[in-house]
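Engineer: Heads up: the sequence shown at position 131 corresponds to 132 in the working numbering, and the numbers run straight through without jumps.
The hints are simulated quantities; they were obtained by calculation from the structure and are not laboratory data. Among the hints, a few may not be true.
Per label pair, the in silico range of CB-to-CB distance [to be verified]:
{"id": "1", "residue 1": "D42", "residue 2": "Y181", "range": "42 to 50 Å"}
{"id": "2", "residue 1": "T65", "residue 2": "R136", "range": "31 to 39 Å"}
{"id": "3", "residue 1": "P87", "residue 2": "G177", "range": "42 to 50 Å"}
{"id": "4", "residue 1": "R136", "residue 2": "Y175", "range": "40 to 48 Å"}
Calculated pairs, BS3-like style, for lysine-lysine (alpha carbon to alpha carbon, straight line, at most 30 Å) [claimed, not checked]:
{"id": "5", "residue 1": "K129", "residue 2": "K69"}
{"id": "6", "residue 1": "K182", "residue 2": "K126"}
{"id": "7", "residue 1": "K129", "residue 2": "K64"}
{"id": "8", "residue 1": "K126", "residue 2": "K148"}
{"id": "9", "residue 1": "K110", "residue 2": "K132"}
{"id": "10", "residue 1": "K110", "residue 2": "K121"}
{"id": "11", "residue 1": "K121", "residue 2": "K64"}
{"id": "12", "residue 1": "K126", "residue 2": "K138"}
{"id": "13", "residue 1": "K64", "residue 2": "K182"}
{"id": "14", "residue 1": "K148", "residue 2": "K132"}
{"id": "15", "residue 1": "K47", "residue 2": "K129"}
{"id": "16", "residue 1": "K69", "residue 2": "K47"}
{"id": "17", "residue 1": "K148", "residue 2": "K183"}
{"id": "18", "residue 1": "K64", "residue 2": "K95"}
{"id": "19", "residue 1": "K47", "residue 2": "K95"}
{"id": "20", "residue 1": "K148", "residue 2": "K69"}
{"id": "21", "residue 1": "K129", "residue 2": "K148"}
{"id": "22", "residue 1": "K64", "residue 2": "K183"}
{"id": "23", "residue 1": "K132", "residue 2": "K95"}
{"id": "24", "residue 1": "K148", "residue 2": "K174"}
{"id": "25", "residue 1": "K69", "residue 2": "K132"}
{"id": "26", "residue 1": "K148", "residue 2": "K182"}
{"id": "27", "residue 1": "K139", "residue 2": "K110"}
{"id": "28", "residue 1": "K95", "residue 2": "K110"}
{"id": "29", "residue 1": "K182", "residue 2": "K95"}
{"id": "30", "residue 1": "K110", "residue 2": "K69"}
{"id": "31", "residue 1": "K121", "residue 2": "K132"}
{"id": "32", "residue 1": "K121", "residue 2": "K47"}
{"id": "33", "residue 1": "K138", "residue 2": "K121"}
Note that beta-carbon positions come from the ideal geometry of N, C-alpha and C, so glycine has one too.
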Amino acid sequence: MKMNRRDALAAVGALLGTTFISEELFAVSKFGGQTALKTNDLFSAKDIQLLDEVADTIIPETKTPGAKAAKVGEFMALMITDCYTPNVRDNFIKGLTQINEESNTMFGKAFLSCSPEERKVLLIKLDKDQKENQRAKKPTHYFRLMKELTLLGYFTSEIGGTQQLTYEEVPGKYEGCISYKKGDPVYLNP
Numbered sequence: 002m003k004m005n006r007r008d009a010l011a012a013v014g015a016l017l018g019t020t021f022i023s024e025e026l027f028a029v030s031k032f033g034g035q036t037a038l039k040t041n042d043l044f045s046a047k048d049i050q051l052l053d054e055v056a057d058t059i060i061p062e063t064k065t066p067g068a069k070a071a072k073v074g075e076f077m078a079l080m081i082t083d084c085y086t087p088n089v090r091d092n093f094i095k096g097l098t099q100i101n102e103e104s105n106t107m108f109g110k111a112f113l114s115c116s117p118e119e120r121k122v123l124l125i126k127l128d129k130d131q132k133e134n135q136r137a138k139k140p141t142h143y144f145r146l147m148k149e150l151t152l153l154g155y156f157t158s159e160i161g162g163t164q165q166l167t168y169e170e171v172p173g174k175y176e177g178c179i180s181y182k183k184g185d186p187v188y189l190n191p
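My request is simple: use the sequences and hints to build the entire structure.
Structural biologist: Below you can see the structure in the form of structure tokens.
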């Protein structure tokens, strides 16, 4: 078989080009464009909506988008499903029910039906509860985990990393001293 230079370059280009196809592109082609996070049926759409609203109460929309816009609820569901032990997972899932029970006790309605101010009051109470829980050296309170995952999910998202923080692509040139004025956004170097 005789191959000319043009055919050889085309074959090598095709071979090398396929190695640079991203996982995301592969996933889109494999799953018909559906790249929604899978949560192994542990979390319903209503649960993720509740997690989004809890996260959005912790990091609300201001001049920049809030946690709900960054889909932090889906992030929390994925992290709990894939990265935590069954005990922590069960405690977290029970926490979703407990949030609604606390909300019903305090305001006579479910968390999702509460006003933003009522949600804030409830989460402040849960934050105090988790701090007391921590002082007593009890197992991690579900709200502490929700709060930590909210911060992690938001500040590692594209929205949090580029609109809330100042994104500085790495690698880049090294600048040992960058001028910073009080009030400037914090830098994010992934």
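Engineer: Now tell me, hint by hint, if it's right for this structure.
Structural biologist: Structure-based check of each hint:
{"no.": "1", "hint": "D42 / Y181: 42 to 50 Å", "verdict": "46 Å, holds"}
{"no.": "2", "hint": "T65 / R136: 31 to 39 Å", "verdict": "33 Å, holds"}
{"no.": "3", "hint": "P87 / G177: 42 to 50 Å", "verdict": "47 Å, holds"}
{"no.": "4", "hint": "R136 / Y175: 40 to 48 Å", "verdict": "43 Å, holds"}
{"no.": "5", "hint": "K129 / K69", "verdict": "23 Å, holds"}
{"no.": "6", "hint": "K182 / K126", "verdict": "35 Å, violated"}
{"no.": "7", "hint": "K129 / K64", "verdict": "28 Å, holds"}
{"no.": "8", "hint": "K126 / K148", "verdict": "13 Å, holds"}
{"no.": "9", "hint": "K110 / K132", "verdict": "25 Å, holds"}
{"no.": "10", "hint": "K110 / K121", "verdict": "14 Å, holds"}
{"no.": "11", "hint": "K121 / K64", "verdict": "19 Å, holds"}
{"no.": "12", "hint": "K126 / K138", "verdict": "19 Å, holds"}
{"no.": "13", "hint": "K64 / K182", "verdict": "19 Å, holds"}
{"no.": "14", "hint": "K148 / K132", "verdict": "12 Å, holds"}
{"no.": "15", "hint": "K47 / K129", "verdict": "26 Å, holds"}
{"no.": "16", "hint": "K69 / K47", "verdict": "14 Å, holds"}
{"no.": "17", "hint": "K148 / K183", "verdict": "26 Å, holds"}
{"no.": "18", "hint": "K64 / K95", "verdict": "34 Å, violated"}
{"no.": "19", "hint": "K47 / K95", "verdict": "14 Å, holds"}
{"no.": "20", "hint": "K148 / K69", "verdict": "14 Å, holds"}
{"no.": "21", "hint": "K129 / K148", "verdict": "12 Å, holds"}
{"no.": "22", "hint": "K64 / K183", "verdict": "18 Å, holds"}
{"no.": "23", "hint": "K132 / K95", "verdict": "18 Å, holds"}
{"no.": "24", "hint": "K148 / K174", "verdict": "35 Å, violated"}
{"no.": "25", "hint": "K69 / K132", "verdict": "25 Å, holds"}
{"no.": "26", "hint": "K148 / K182", "verdict": "29 Å, holds"}
{"no.": "27", "hint": "K139 / K110", "verdict": "29 Å, holds"}
{"no.": "28", "hint": "K95 / K110", "verdict": "18 Å, holds"}
{"no.": "29", "hint": "K182 / K95", "verdict": "44 Å, violated"}
{"no.": "30", "hint": "K110 / K69", "verdict": "21 Å, holds"}
{"no.": "31", "hint": "K121 / K132", "verdict": "17 Å, holds"}
{"no.": "32", "hint": "K121 / K47", "verdict": "20 Å, holds"}
{"no.": "33", "hint": "K138 / K121", "verdict": "26 Å, holds"}
Checked against the numbered hints given earlier, this structure breaks hints 6, 18, 24 and 29; the rest are met.
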